Amino acid sequence: MTQAVTVTPEVRSGGADKRGVTKGEHLLEVRDLKKYFPIKGGVFSRTVANVKAVEDVSLNIKPGEVVGLVGESGSGKTTAGRAILRLIEPTSGEIIFNGVDIAKVSKSQMREYRKEMQIIFQDPFASLNPRMTVGDIIGEALDIHRLARGKAREERVVQLLERTGLSAQHMRRYPHEFSGGQRQRIGIARALAVDPQFIVADEPVSALDVSIQAQVVNLLQDLKEELGLTLLFIAHDLGVVEYISDRVVVMYLGRIMEVAPARELYRNPVHPYTEALLSAVPIPDPTVRRERVILQGDIPSPINPPSGCVFRTRCPIAAKECAEVVPPLEEVSPGHFKACIRRPGPN
Amino acid sequence: MASEAVRSPSRFRPENRVLRAFFQNPLALLGALLIVALVVVAVTAPWVAPHDPLELDLLAPYLPPGSEGHLLGTDNFGRDILSRLIYGSRISLFIGVIVVGIASVVGALLGLVAGYLGGWVDTLIMRAVEIFYAFPFLILVIAVIALFGPSIFNVMWVLGVVSWPVYARLVRAQVLTLRETEYVEAARASGGGAGRIMLRHILPNALTPLLVTATFGIPEAILASAALGFLGLGVQPPTPEWGVMVSEGKDFIRIAPTLIMWPGLAIMLVVVSFNFVGDGLRDALDPRQVER
Numbered sequence: 001m002t003q004a005v006t007v008t009p010e011v012r013s014g015g016a017d018k019r020g021v022t023k024g025e026h027l028l029e030v031r032d033l034k035k036y037f038p039i040k041g042g043v044f045s046r047t048v049a050n051v052k053a054v055e056d057v058s059l060n061i062k063p064g065e066v067v068g069l070v071g072e073s074g075s076g077k078t079t080a081g082r083a084i085l086r087l088i089e090p091t092s093g094e095i096i097f098n099g100v101d102i103a104k105v106s107k108s109q110m111r112e113y114r115k116e117m118q119i120i121f122q123d124p125f126a127s128l129n130p131r132m133t134v135g136d137i138i139g140e141a142l143d144i145h146r147l148a149r150g151k152a153r154e155e156r157v158v159q160l161l162e163r164t165g166l167s168a169q170h171m172r173r174y175p176h177e178f179s180g181g182q183r184q185r186i187g188i189a190r191a192l193a194v195d196p197q198f199i200v201a202d203e204p205v206s207a208l209d210v211s212i213q214a215q216v217v218n219l220l221q222d223l224k225e226e227l228g229l230t231l232l233f234i235a236h237d238l239g240v241v242e243y244i245s246d247r248v249v250v251m252y253l254g255r256i257m258e259v260a261p262a263r264e265l266y267r268n269p270v271h272p273y274t275e276a277l278l279s280a281v282p283i284p285d286p287t288v289r290r291e292r293v294i295l296q297g298d299i300p301s302p303i304n305p306p307s308g309c310v311f312r313t314r315c316p317i318a319a320k321e322c323a324e325v326v327p328p329l330e331e332v333s334p335g336h337f338k339a340c341i342r343r344p345g346p347n
Numbered sequence: 001m002a003s004e005a006v007r008s009p010s011r012f013r014p015e016n017r018v019l020r021a022f023f024q025n026p027l028a029l030l031g032a033l034l035i036v037a038l039v040v041v042a043v044t045a046p047w048v049a050p051h052d053p054l055e056l057d058l059l060a061p062y063l064p065p066g067s068e069g070h071l072l073g074t075d076n077f078g079r080d081i082l083s084r085l086i087y088g089s090r091i092s093l094f095i096g097v098i099v100v101g102i103a104s105v106v107g108a109l110l111g112l113v114a115g116y117l118g119g120w121v122d123t124l125i126m127r128a129v130e131i132f133y134a135f136p137f138l139i140l141v142i143a144v145i146a147l148f149g150p151s152i153f154n155v156m157w158v159l160g161v162v163s164w165p166v167y168a169r170l171v172r173a174q175v176l177t178l179r180e181t182e183y184v185e186a187a188r189a190s191g192g193g194a195g196r197i198m199l200r201h202i203l204p205n206a207l208t209p210l211l212v213t214a215t216f217g218i219p220e221a222i223l224a225s226a227a228l229g230f231l232g233l234g235v236q237p238p239t240p241e242w243g244v245m246v247s248e249g250k251d252f253i254r255i256a257p258t259l260i261m262w263p264g265l266a267i268m269l270v271v272v273s274f275n276f277v278g279d280g281l282r283d284a285l286d287p288r289q290v291e292r
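Sequence lines, in order, name chains A and B. If you're matching positions, the first sequence starts at 1 in this note's numbering and goes up one per residue. If you're matching positions, the second sequence starts at 1 in this note's numbering and goes up one per residue.
There may be inaccurate statements among the hints.
Stated by the list, open to error - The list that follows gives simulated cross-link-like pairs (lysine to any residue, SDA-like), each with its CA atoms no further than 25 Å apart:
hint: 1; chain 1: A; residue 1: K40; chain 2: B; residue 2: A32
hint: 2; chain 1: A; residue 1: K34; chain 2: A; residue 2: E330
hint: 3; chain 1: A; residue 1: K34; chain 2: B; residue 2: L140
hint: 4; chain 1: A; residue 1: K40; chain 2: B; residue 2: G191
hint: 5; chain 1: A; residue 1: K104; chain 2: B; residue 2: G119
hint: 6; chain 1: A; residue 1: K104; chain 2: B; residue 2: G195
hint: 7; chain 1: A; residue 1: K107; chain 2: B; residue 2: I253
hint: 8; chain 1: B; residue 1: K250; chain 2: B; residue 2: V162
hint: 9; chain 1: A; residue 1: K151; chain 2: B; residue 2: R200
hint: 10; chain 1: A; residue 1: K107; chain 2: B; residue 2: G195
hint: 11; chain 1: A; residue 1: K107; chain 2: B; residue 2: G191
Simulated from the structure, these hints should not be mistaken for laboratory data. Bear in mind the structure is a predicted one, so any value in this text is a computation, not a measurement.
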């Protein structure tokens with residue numbers, strides 16, 4: 001059962017990629033991505049069950065596009081991001097990057113693609129090696145891929161530091177000498193070192209103070225414009241995602257619930273799960289009253305997910321038939337897809 | 001652009017905080033001073049020792065402590081005990097450092113590989129560790145020494161080889177947590193191979209507990225070599241090794257009990273000093289330690 005998001009290739013005006021990827025083509029196509037974590041048990045360590053972290057996820061990303069990936073904890077969004085970069089091995093599915101299925105290439109071939117895809121981590125404290133200088137942290141990928149050496153390497157590191165709002169003198173310092181926001185900038189500089197085409201930003205601002213979040217998001221926004229980056233921006237905060245994303249993918253329990261252009265999703269959510277997520281976003285105006293959709297209970301276990309629609313156990317409009325079929329992703333308006341049989345389909 | 005204040009550059013790496021905590025511990029400080037003194041004595045032995053440690057004076061055996069020219073007296077052959085102790089410190093320290101050096105390097109590398117690669121490599125290495133643990137340590141050493149013959153060189157490598165499992169286990173446990181860190185993942189995302197990740201990202205961060213264990217390992221090695229010396233399986237007489245000195249002195253315990261007292265005291269002091277330092281290091285490196 002595929003839930004392919006068949007986005008009609010729309011021609012983006014002036015979206016010529018710096019590397020000459022034909023415009024309109026997808027930079028990344030993910031098809032039916034699955035990631036199961038086996039649970040071993042018994043005397044012979046047999047697999048007794050699987051944690052189905054990511055189930056049949058398909059999505060396309062065009063060059064220069066920022067796709068937001070949202071969902072609550074345990075929805076599989078981080079696992080999906082890691083699996084796309086093959087930082088964890090996907091159980092099955094295709095990850096077509098620039099026309100090559102990188103899910104199939106060998107580990108040593110994969111190293112070549114690591115120059116093109118990078119990741120920014122959530123925790124700016126855990127993601128920097130405390131025993132390496134900032135210069136070595138940022139320059140490591142340059143060493144690995146032999147991109148620059150000696151003076152050239154130093155220049156590149158300084159350039160990256162300055163581009164991310166730090167300065168050359170920070171190069172010889174250690175991570176603990178920096179604040180959370182500065183560390184996140186170091187993490188971004190590290191990701192940019194190889195001049196990648198695609199970056200997975202895994203909740204890059206969730207661990208930062210609210211006052212710093214905007215700065216880091218703005219930095220990412222600037223970098224994206226300037227370098228023509230393509231981003232998969234993972235977050236649980238819809239507010240941040242709305243600001244930076246062109247399109248938003250909503251995940252729940254390993255599956256995609258809804259995909260839509262960012263504005264459309266916020267103005268006109270179709271899936272009841274998206275509605276619930278949106279109603280949880282605080283509105284900075286105490287006079288505004290709105291009906292809140294409050295979800296009951298917790299996200300079910302991904303070891304034994306509900307049959308049919310995985311959201312039905314917490315869905316306010318669930319019906320009997322929801323237990324029977326896995327709702328396919330259907331297009332409700334151009335570029336807007338939903339996986340819910342209780343909401344009107346394409347008209 | 002960066003409106004968040006650039007923090008005032010702190011000149012202190014975490015190590016400095018650790019050092020301060022360490023030197024605020026009086027026992028650790030005492031231990032460190034004793035060890036420094038011992039190292040100085042060992043290095044300068046030919047100049048500080050009043051006599052040649054092997055020089056016999058058969059006319060003046062069993063001199064009591066405080067005799068003229070022999071501060072700690074003489075042994076059954078009239079050799080100066082102080083000089084023998086001073087030269088003995090060289091051997092004991094040397095053995096301690098070399099044994100721990102061999103054991104920690106071998107153990108750390110095997111633990112690193114086992115923990116990072118996992119799978120059958122891990123199984124193989126860790127089963128070997130368990131086998132080594134299951135053997136009574138001294139029996140194994142005695143068996144090997146009996147096979148290869150007693151010599152200071154054999155003592156060192158045998159003790160080194162039998163004590164690596166402690167370090168392997170320790171490092172492996174560290175690696176298991178460190179390999180899941182985001183900075184290791186970042187290195188993999190940048191295309192870093194297993195070797196680079198193990199040596200540049202994991203090992204440097206696993207070294208602190210290793211340092212503590214190594215500090216406790218040195219006195220253990222010194223004790224073990226003294227025990228072997230006492231049993232006649234280690235360093236051979238007339239080399240002035242502390243264990244050998246106790247062994248030789250035991251035959252004269254009735255006429256001159258000080259013959260075994262002095263080397264015994266020396267062994268005790270060294271062992272206690274290293275243990276104080278080890279305890280101090282462990283406490284100072286404990287992240288839960290609150291700075292006063």
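### Query
Which earlier hints turn out false for this structure, listed by number in ascending order?
Numbers 1, 3, 4, 7, 8, in rising order.
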